[in-house]
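Asker: Each chain, letter by letter, is given below.
2 protein chains.
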Amino acid sequence: MAQQIADRRDIDFVLYEQLDTEKLAKEPAFAGLDRKAFDMIINEARNFAIKELLPVYVDSDRIGVHFENGKVTVPESFHKPFKMLLENEFTSMCEDPEWGGQGLPHIIDRAAREYLSGACGALVAYGQMGHGTGKMIDLHGTQKQKELYLKNLYTGKWGGTMVLTEPNAGSDVGALTTSAKKNADGTYSITGNKIFITNGEHNLSENIIHPVLARVEGAPAGTKGISIFIVPKIWVNDDGSLGQPNDVVCTGIEEKCGIHGSATCSLAFGGKGQCKGYLLGQEGMGMKIMFMMMNEARTDVGFQGLFAASRAYLYAVNYARERLQGKELGSAKDAPDQVPIIKHPDVRRMLMWMKCYVEGLRSMIYYAESLFDKIHCSKDPAVKKACSDEAELLTPFIKSLGSDRGFDICVQAIQVYGGYGYIQEYPVEQLMRDTKIASLYEGTNGIQAMDFLGRKMGLNGGAVFMNMLNQMNGIIKKAKETEGLKAMADEFQTAVHRLGEVAMIMGKRAMSAEFKTAFAHATPFLNATGDIIMAWMLLWRAQVAATKLPKAAQKDVAFYKGQIKSADFFINTVLPGALGTMNAIAKGSAAAVEIDEASFGGL
Amino acid sequence: MAQQIADRRDIDFVLYEQLDTEKLAKEPAFAGLDRKAFDMIINEARNFAIKELLPVYVDSDRIGVHFENGKVTVPESFHKPFKMLLENEFTSMCEDPEWGGQGLPHIIDRAAREYLSGACGALVAYGQMGHGTGKMIDLHGTQKQKELYLKNLYTGKWGGTMVLTEPNAGSDVGALTTSAKKNADGTYSITGNKIFITNGEHNLSENIIHPVLARVEGAPAGTKGISIFIVPKIWVNDDGSLGQPNDVVCTGIEEKCGIHGSATCSLAFGGKGQCKGYLLGQEGMGMKIMFMMMNEARTDVGFQGLFAASRAYLYAVNYARERLQGKELGSAKDAPDQVPIIKHPDVRRMLMWMKCYVEGLRSMIYYAESLFDKIHCSKDPAVKKACSDEAELLTPFIKSLGSDRGFDICVQAIQVYGGYGYIQEYPVEQLMRDTKIASLYEGTNGIQAMDFLGRKMGLNGGAVFMNMLNQMNGIIKKAKETEGLKAMADEFQTAVHRLGEVAMIMGKRAMSAEFKTAFAHATPFLNATGDIIMAWMLLWRAQVAATKLPKAAQKDVAFYKGQIKSADFFINTVLPGALGTMNAIAKGSAAAVEIDEASFGGL
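Chains as they are written, first to last, in the working numbering: chain A, 1 to 603; chain B, 1 to 603.
Same shape as in the complex, but just chain A (with noise of 0.2 angstroms):
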């Protein structure tokens, strides 16, 4: 039987033989584990996903949440499978035992969160921003507040949620004027109106902890009179037990293009005058914090993409082996059958293209990953930091990669369909409109370009860049050496030299008199170095299958060329594009800076 949500082949090839993560099992703080066991919880996982989560995924459009009084209501089919993904511990397993995690790596939990999220990412989302709330806490609460929230958050017996946005402060996070008061006995009344607030308010859990960026009276204005406050739904009493509501009521939920079963809510904190809150880390610190877990909030964003370009990927190739339409090109004019389309050339072409963005975006996401695992392990603060370094330069290319290319590639998913790709007897078009909010929340993707043009290009002096460049170079190296691969690594090494070049250019630019130039092109900049790094991934993948061939199973041969097959398409035939796209760059027209607002017309 076909293949579900994700190819447990790839996700093993990443795991085992692309990165070694078996040799995680060797570290102390991972003791006691082994491939074995990491095997065992991504099957638990893909059976539990495929069973109880899959069979889901329809209600979650078609009956999706509803809002009535205050109250928002998931669909009934819902309950049974969140209670299930609580009882089996899917929601905080990379964090401590104690408080209520299993202590995996971030790697393995990755792996495990692709069939989850993939089979139903609304639901799964419930339980999981639990742990992103926790997170803070974890990080920046007091013992106390740790013993009182922290267990029911990782567990996903509390909801979590992130309360940033007010109807004049998206992006412009600074804006916001939701205002904290402090009062005698150390707790902040809050009030104020967020909106877009995910889970912000459902009938799954007890309780729900919000994290609450707002000023304390008298701040200065912009981000850094930004705090954060922990405003629970219900109180919390000092003995664990739940008190009374906190005066934070839900307004309404949005009606959106997809993610129906998630709700997006307005929330109005002290209405009545009786929300309080707990200040986390000090007065000021609200951004820093609440920033510390936008990364994550970016790489699960990024991975949101990823795992519904997965879904759509295989559902299309298997769509692709089963659909009879038409005669194979070149046959016979009498031809008598009607052959599979994945015959057609341009079927092949689509699905090659889709191929190699999910696999090049799963490899992506999980390098970042152990680069997590490796600062959990390392007891030394250069390696800290590099690897967190590392992540930081990422970042904005798994969230703006993985979401516009996630899309894209259920689009394309649709394409393989045909008509019926339109309909919803089938369920790629679903997975189109449930990706786009990727490229939107948690930053848009424009947020992305600038964070990586301003910020994360130049992060130390830019050597964090330099050194993703090296990295490419040494894969350059080994594929050089590796039969079969020459052509392509070369091919691969001019892209990384132009790169190079292009960057220099950029960073000259946005330090000039024509840094809005530079800004104008930065979307372009982030995605075809986000193809670069596509090849980079693709090429690595390329070296170890072909290393690995001439003594491979006869299972794996198919697998292994495919991976081969994958470079070639994507050096060969995307890769060119993102070079003619550098070549834009580097040239630097200054059209879309200089014309007049006019100009855009529709006056």
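It does not matter which identical chain is meant; a pair holds if it fits inside one copy or across any two.
Under the rule of at most 20 angstroms between Cα atoms (straight-line distance), these lysine-lysine pairs were calculated in the PhoX-like manner: (1) Lys-548 - Lys-561; (2) Lys-327 - Lys-516; (3) Lys-343 - Lys-516; (4) Lys-276 - Lys-181; (5) Lys-333 - Lys-288; (6) Lys-587 - Lys-486; (7) Lys-224 - Lys-327; (8) Lys-181 - Lys-272; (9) Lys-23 - Lys-384; (10) Lys-157 - Lys-71; (11) Lys-146 - Lys-276; (12) Lys-516 - Lys-333; (13) Lys-144 - Lys-157.
The set of hints was computed from the structure by calculation and includes no laboratory data.
Since we're looking at a predicted model, the values are computed, not measured.
Using the hints, position chain B against chain A.
Answerer: Chain B only, in chain A's frame:
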């Protein structure tokens, strides 16, 4: 007040400055018309569209069509504007007034329809699909058939359809199994099941006339055995009165990603053995007759991309002018005020990109309409043939570029709106969903790519394609002589030259043993060539604008300057990417063709 649906200044520019539409009024075929008359028609369409059609666009989506007991009900709010659409004679504006038309040029019809269909395409299509069916009868029917059907179809009183697809015969039309058996009275009994029939059943018209592809018993397999029949939903008596229902039963409608206001029907013909139809033309001519309509239908589908994109662009640009968010890049840290997001370089880049394709697509589609007008006016068969060939060559570009870039522009508009773009309170997500269909129906865009590479590029031994390159060179020559355009004309010339080279390579490859590899690059080749066509249209526009600029009225200065900026932006930032893709096509990786099916994984 901001413009809606389509920018009138730009439409006027294409009609009267880029193309010389005014001179049509001097043609005998359009005697009595003048620019004032043309403008009046467009104004009426625009006013009606904004006042009556635009307000029901949301109902088209949120209420949509409903199916019960074989009947399809459209939203209640559709009835009044539909009635007015017919009363205003907007359904067949180019046809002979004798049969219910207005005798207008195609290009004026197109401009008027940008407003009509742009406001609510699903509704307008109920009126305009009768035109397509009528046109087939006009061209191939008997005098009696014309008298019985034509006026009611052209005026939209009766609906029309295109009945091709069956569950196993989509792109492979030749595989259809619907049968026709000749009766003693000259009619044919029709038996078969069809799917994906747009407006196959609905409650807006008293009758629906179906042109049905079917195979006469004993006819050969494949496309050459296919005939086409006129099959009324309600039998039409010889005196024109309506008779009995004709055993055409709607068995269901599709739940779709978008265009919920459009009824996508499954139809059973002759389930009780009582369905009759008239042969149109001769037996075996079905595909030929249908494909004459298919070019019109494909142009309309590309146009669907344009009108959605035009709306999405106007929404985005006007939103960007009003939405305050963030400070101007490079402003002092303590700058107090948020600025409209149109000040941000990345937003300007998005808007420029949208503007270029909207305007480029508009020029391409209107240019094609001007060819149809030339055909209509000319008495010289050689001119008619040349114009017809040129339109044939442009058809796959209009269909695929219109639908794909049109969709992309809607997606980009969502991005300009940020999170708001994803919610149904704003119109852009509906535009995206509604537009996705266009890459799929009337021949998927993959089919268009094969049409270009396998047929259109080689039309008349390649002379039609060479003529297009010559026309591009003509604009280059003019642009080089125009102040300020030389540099971009040079860049564009390089691209045109490269297109010629790559076309030679692809043409040879398609005829060689590597033909599958050629067709695996057909879609990128279509897209990259399409971008060169866009650059042609935009440089042409810039050349016209630059020539007018020195003596332009103050109110036109920003518009003309904007034309030059668009060409600058497109040629210097988009075209280099297309040239990179051309390099990949020239190189011709065979990876997509060579990869083992098993290597796609997922098994």
